[in-house]
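If you read the sequences in order, they're chains A and B. FYI, the numbering for the first sequence is 1 to 111, going by the working numbering. FYI, the numbering for the second sequence is 1 to 114, going by the working numbering.
Think of the hints as simulated: they come from the structure by calculation, not from any bench. All C-beta atoms, glycine included, are put in the ideal place defined by N, C-alpha and C. Hints may be right or wrong, so weigh each one.
What the hints assert, rightly or not - DSS-like cross-link-like pairs, simulated, lysine-lysine; straight-line CA separation at most 27 Å:
| hint | chain 1 | residue 1 | chain 2 | residue 2 |
| --- | --- | --- | --- | --- |
| 1 | A | 42 | B | 18 |
| 2 | A | 42 | A | 56 |
| 3 | A | 45 | B | 18 |
| 4 | B | 18 | A | 3 |
| 5 | A | 3 | A | 42 |
| 6 | B | 65 | A | 3 |
| 7 | B | 18 | B | 65 |
What the hints assert, rightly or not - Here are the computed distance ranges between Cβ atoms for each label pair:
| hint | chain 1 | residue 1 | chain 2 | residue 2 | range |
| --- | --- | --- | --- | --- | --- |
| 8 | B | 56 | A | 29 | 29 to 37 Å |
| 9 | B | 20 | A | 55 | 25 to 33 Å |
| 10 | A | 78 | B | 56 | 29 to 37 Å |
| 11 | B | 84 | A | 9 | 48 to 56 Å |
| 12 | A | 54 | B | 17 | 51 to 59 Å |
| 13 | A | 111 | B | 69 | 30 to 38 Å |
Claimed, not checked - Cβ-to-Cβ under 10 Å is the rule here; a few derived chain A residues that face chain B:
| hint | residue |
| --- | --- |
| 14 | 44 |
| 15 | 59 |
| 16 | 61 |
| 17 | 64 |
| 18 | 82 |
| 19 | 86 |
| 20 | 88 |
| 21 | 92 |
| 22 | 95 |
| 23 | 102 |
| 24 | 110 |
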Amino acid sequence: QQKVQQSPESLIVPEGGMASLNCTSSDRNVDYFWWYRQHSGKSPKMLMSIFSNGEKEEGRFTVHLNKASLHTSLHIRDSQPSDSALYLCAASSSSGQKLVFGQGTILKVYL
Amino acid sequence: EAAVTQSPRNKVAVTGGKVTLSCNQTNNHNNMYWYRQDTGHGLRLIHYSYGAGSTEKGDIPDGYKASRPSQENFSLILELATPSQTSVYFCASGDVGGARAEQFFGPGTRLTVL
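Chain A on its own, in the form it takes in the complex (with noise of 0.2 Å):
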């Protein structure tokens, strides 16, 4: 069964400080890296997907890919309390149409 393992499980950060989050499918047929974000009470909703080696920027955020090592990470800087949030990243492949989520990261911004 695939799996999609993130690290670390939780991070505090000071505000205005970088947050580095990692993630990693052992499925080989993975294509496509989802990364959601999930505030307390709440529901999770997509910050970024990135599908292509590289690396893709919005705004205070950059998600990191390499499809050889399957492995993707996630970038915020200048951190703030509101970025405080279960981050979730979840692989689907090209033939599927579901989404495998990890077990998440905990971020916690302080002032």
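Since the structure of chain A is provided, determine the placement of chain B on it from the hints.
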């Protein structure tokens, strides 16, 4: 914006009772999904559907049934609820797979089985 609603939002049930969780989407998506979320486990897929009349088992289907009577509606049924099914349940809808596999989630249902 994509709209997925769930009812009820909170439910307290007794062990051995029947529980039905309902989900409605107005996105005209073919695919719908039921997940449960427990601390330390992320989102685990229970059942999913590719369209009206179809249901498929996910990764943890034991103790759950699903029903998709229409494009818009997808229900999760616990025939004999147990305390181990206490969790937060999320419904999601999605278009197709591959690069369009993004899923849109409902607000969740918090279920407590006593």
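Now the hints, each set against the structure:
1. 42/A x 18/B: Given that 27 Å is the threshold and the Cα spacing comes to 26 Å, the pair holds.
2. 42/A x 56/A: Roughly 26 Å between the alpha carbons, so the hint for residue 42/A and residue 56/A holds.
3. 45/A x 18/B: violated (30 Å)
4. 18/B x 3/A: Roughly 32 Å between the alpha carbons, so the hint for residue 18/B and residue 3/A is violated.
5. 3/A x 42/A: holds (24 Å)
6. 65/B x 3/A: holds (24 Å)
7. 18/B x 65/B: holds (11 Å)
8. 56/B x 29/A: 29 to 37 Å: violated (18 Å)
9. 20/B x 55/A: 25 to 33 Å: violated (45 Å)
10. 78/A x 56/B: 29 to 37 Å: violated (43 Å)
11. 84/B x 9/A: 48 to 56 Å: Hint violated: Cβ distance 23 Å, outside 48 to 56 Å.
12. 54/A x 17/B: 51 to 59 Å: holds (52 Å)
13. 111/A x 69/B: 30 to 38 Å: Since residue 111/A and residue 69/B have Cβ atoms about 50 Å apart, the given range 30 to 38 Å is violated.
14. 44: This interface hint holds because 5 Å falls under the 10 Å limit.
15. 59: violated (19 Å)
16. 61: Constraint on residue 61/A not satisfied, violated at 16 Å.
17. 64: Given a least distance of 18 Å, the restraint on residue 64/A is violated.
18. 82: violated (19 Å)
19. 86: Because about 9 Å separates residue 86/A from the closest Cβ in chain B, which is inside the 10 Å limit, the hint holds.
20. 88: Since chain B brings a Cβ to about 6 Å from residue 88/A, closer than 10 Å, the hint holds.
21. 92: holds (4 Å)
22. 95: holds (7 Å)
23. 102: Holds, because the Cβ-Cβ distance from residue 102/A to chain B comes to roughly 6 Å (cut-off 10 Å).
24. 110: Because about 21 Å separates residue 110/A from the closest Cβ in chain B, which is outside the 10 Å limit, the hint is violated.
Comparing the model with each earlier hint shows violations of hints 3, 4, 8, 9, 10, 11, 13, 15, 16, 17, 18 and 24; every other hint is respected.
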